[in-house]
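Chemist: Start from the sequences, fold in the hints, and give me the full structure.
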Amino acid sequence: MERLEARPHIAAQRTSVVVWMALVFMTALLVFISRTYHEALSVAAMLTITPLKAGLVFYYFMHLKYESVELKSMVFVTLALLTLLIAFIFLDLSYR
Amino acid sequence: MSTIAGESHATHKDYEGAKLGMWLFLFTEIVLFGGLFLLYSAYRAQYPLDFHNGGQQLNVATGVINTIVLLTSSLTMALAVTATQKGSRHLAVRYLAATIVLGFVFLVNKYFEWSAEIGHGIYPNSPELLLRPNGEKLFFGLYYSMTGLHGLHVIAGVITLSVMLVFVVRNTVTSVDSVKLENAGLYWHLVDVIWIFLLPLFYLAA
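Just so you know, the sequences run in chain order A and B.
Just add 22 to the spot in the first sequence (first one is 1) and you have my numbering.
Just add 6 to the spot in the second sequence (first one is 1) and you have my numbering.
Be aware that a few hints might be false.
[To be verified] In silico DSSO-like links for lysine-lysine, alpha-carbon gap of 27 Å or less: (1) A:Lys94 - B:Lys116; (2) A:Lys94 - B:Lys92; (3) B:Lys92 - A:Lys87; (4) B:Lys19 - A:Lys94; (5) A:Lys87 - B:Lys116; (6) B:Lys25 - A:Lys94.
[Stated by the list, open to error] Beyond 12 Å from chain A on every Cβ pair, some chain B residues (computed): (7) Leu44; (8) Phe110; (9) His126; (10) Gly127.
[What the hints assert, rightly or not] Pairwise CB distance ranges, derived in the manner of DEER restraints: (11) B:Leu155 - A:Thr58: 24 to 34 Å; (12) B:Val182 - A:Leu115: 51 to 61 Å; (13) A:Val65 - B:His96: 31 to 41 Å; (14) A:His60 - B:Ser181: 42 to 52 Å.
I should point out that these hints are in silico values taken from the structure, not numbers from a laboratory.
Here the structure is a predicted model, which is why all the values come from computation and not from measurement.
In this text, a Cβ means the ideal position worked out from N, Cα and C, and glycines have one as well.
Modeler: This is the structure:
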């Protein structure tokens, strides 16, 4: 006999398809903006659209939406630390 | 788990623990690639023009096609997990097989892309690359390291998903106990997330 302590949340197929469509659309938008060769706009698009795409994958495909607050916090802290490290690198470089 | 004599043997499965263990492993992967992203950021800030020129020599179309391939493979992976949890084994097998095929498509595209670049004499320590400015050498060094490491992860993912396919076919992974497949899916999605960041850094930042 097998006993499972908890059951996973079953994500709707429709949700996955909608998320995929959003990801493809955002990729197309990112490529389009980068081809305009407008530097400020391209950088802004990369810094917003790319984390947003990653967030969608984390939240829906990786089921973070349905996970506990503890796990969500652990993921947040890991990503926040990495972002902080990158920010410190640029802080250091910009004052050299 | 020890049992009292006369009782049926109970297999204890800790679903939350299995998921947490996988996430802890994924954190180490995030830190691994995060270190390389840090290195890229520092060198890009130091050699902006060389990185710009390096990026212009990459094939944007191949990078974008591979992005769509991996995003679609993430969709089929998510659908495979949902199908398994709902008990639709045949559907789960099809979605898993599609994910594996898309993983292969990504690797084949990568093979042709690298072949073209190596054919142009651009590879680490090549005579052609040694003539280029230091920033371009660093750009292509990071390009081969990061996309190469990512490619190894895709290969590991394809192998893991192939094992999962066997598990689903043999009913080892079922709607009652699907945590192995869910964890394999988490790994595959993280591989996709890493590529989501590699696309703008190498292909679009020119």
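Chemist: For each hint, tell me whether it holds in the structure or not.
Modeler: Going through the hints against the structure:
no.: 1; hint: A:Lys94 - B:Lys116; result: violated (33 Å)
no.: 2; hint: A:Lys94 - B:Lys92; result: holds (25 Å)
no.: 3; hint: B:Lys92 - A:Lys87; result: holds (19 Å)
no.: 4; hint: B:Lys19 - A:Lys94; result: holds (22 Å)
no.: 5; hint: A:Lys87 - B:Lys116; result: violated (32 Å)
no.: 6; hint: B:Lys25 - A:Lys94; result: holds (12 Å)
no.: 7; hint: Leu44; result: violated (6 Å)
no.: 8; hint: Phe110; result: holds (19 Å)
no.: 9; hint: His126; result: holds (23 Å)
no.: 10; hint: Gly127; result: holds (26 Å)
no.: 11; hint: B:Leu155 - A:Thr58: 24 to 34 Å; result: holds (31 Å)
no.: 12; hint: B:Val182 - A:Leu115: 51 to 61 Å; result: holds (53 Å)
no.: 13; hint: A:Val65 - B:His96: 31 to 41 Å; result: violated (47 Å)
no.: 14; hint: A:His60 - B:Ser181: 42 to 52 Å; result: holds (50 Å)
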